[in-house]
Amino acid sequence: MGRKIRTYFEGAIYHVIQRGNNKAFIFQKQADKIKLLDLLHETMQTENYNYKLLYYVIMDNHYHLIVETPSIDANVSRIFQRVNMLYAKYYNKAYERCGGIYGGR
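Just so you know, we're using this note's numbering here: the sequence shown kicks off at 1291 and counts up by one.
These aren't lab readings, by the way, just hints derived from the structure by calculation. Since this is a predicted model, take the numbers as computed values, not measurements. There could be a bad hint or two in this list.
[What the hints assert, rightly or not] Subject to a maximum C-alpha distance of 27 angstroms in a straight line, what follows is the list of computed DSS-like cross-link-like pairs (lysine-lysine):
#1 K1319 to K1342
#2 K1323 to K1342
#3 K1383 to K1294
#4 K1342 to K1325
#5 K1325 to K1313
#6 K1313 to K1323
#7 K1379 to K1319
#8 K1379 to K1323
#9 K1294 to K1325
#10 K1383 to K1313
#11 K1325 to K1383
#12 K1294 to K1319
#13 K1319 to K1383
#14 K1323 to K1383
#15 K1379 to K1313
From just these sequences and the hints, can you work out the full model?
Below you can see the structure in the form of structure tokens.
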């Protein structure tokens, strides 16, 4: 059975968590954490991804974000699909590896 379609609300606040596969470190260096913050900042500036980053914590093997969606058009799933894809590409290139870096839900 498929997952229920998520409903998004104007002004809603979401807790977003992403963990490395098998709890592996996905932030080896401080520069990796800065790269994630840069990607978050870049996507916030894009019209297609309308959200505000309120709080964040970046650990070595996962991160927590508190984000707000000012408009109903903001699709949190799509936003973080993009952020996570861009970070995985960066990480795989930086550490000369391939494949997924994130764990499942």
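Each hint tested on the structure:
| no. | hint | in the structure |
| --- | --- | --- |
| 1 | K1319 to K1342 | holds, 25 angstroms |
| 2 | K1323 to K1342 | holds, 18 angstroms |
| 3 | K1383 to K1294 | violated, 34 angstroms |
| 4 | K1342 to K1325 | holds, 18 angstroms |
| 5 | K1325 to K1313 | holds, 20 angstroms |
| 6 | K1313 to K1323 | holds, 16 angstroms |
| 7 | K1379 to K1319 | holds, 16 angstroms |
| 8 | K1379 to K1323 | holds, 14 angstroms |
| 9 | K1294 to K1325 | violated, 32 angstroms |
| 10 | K1383 to K1313 | holds, 20 angstroms |
| 11 | K1325 to K1383 | holds, 13 angstroms |
| 12 | K1294 to K1319 | violated, 37 angstroms |
| 13 | K1319 to K1383 | holds, 14 angstroms |
| 14 | K1323 to K1383 | holds, 15 angstroms |
| 15 | K1379 to K1313 | holds, 19 angstroms |
Of the numbered hints listed earlier, those contradicted by the structure are 3, 9, 12.
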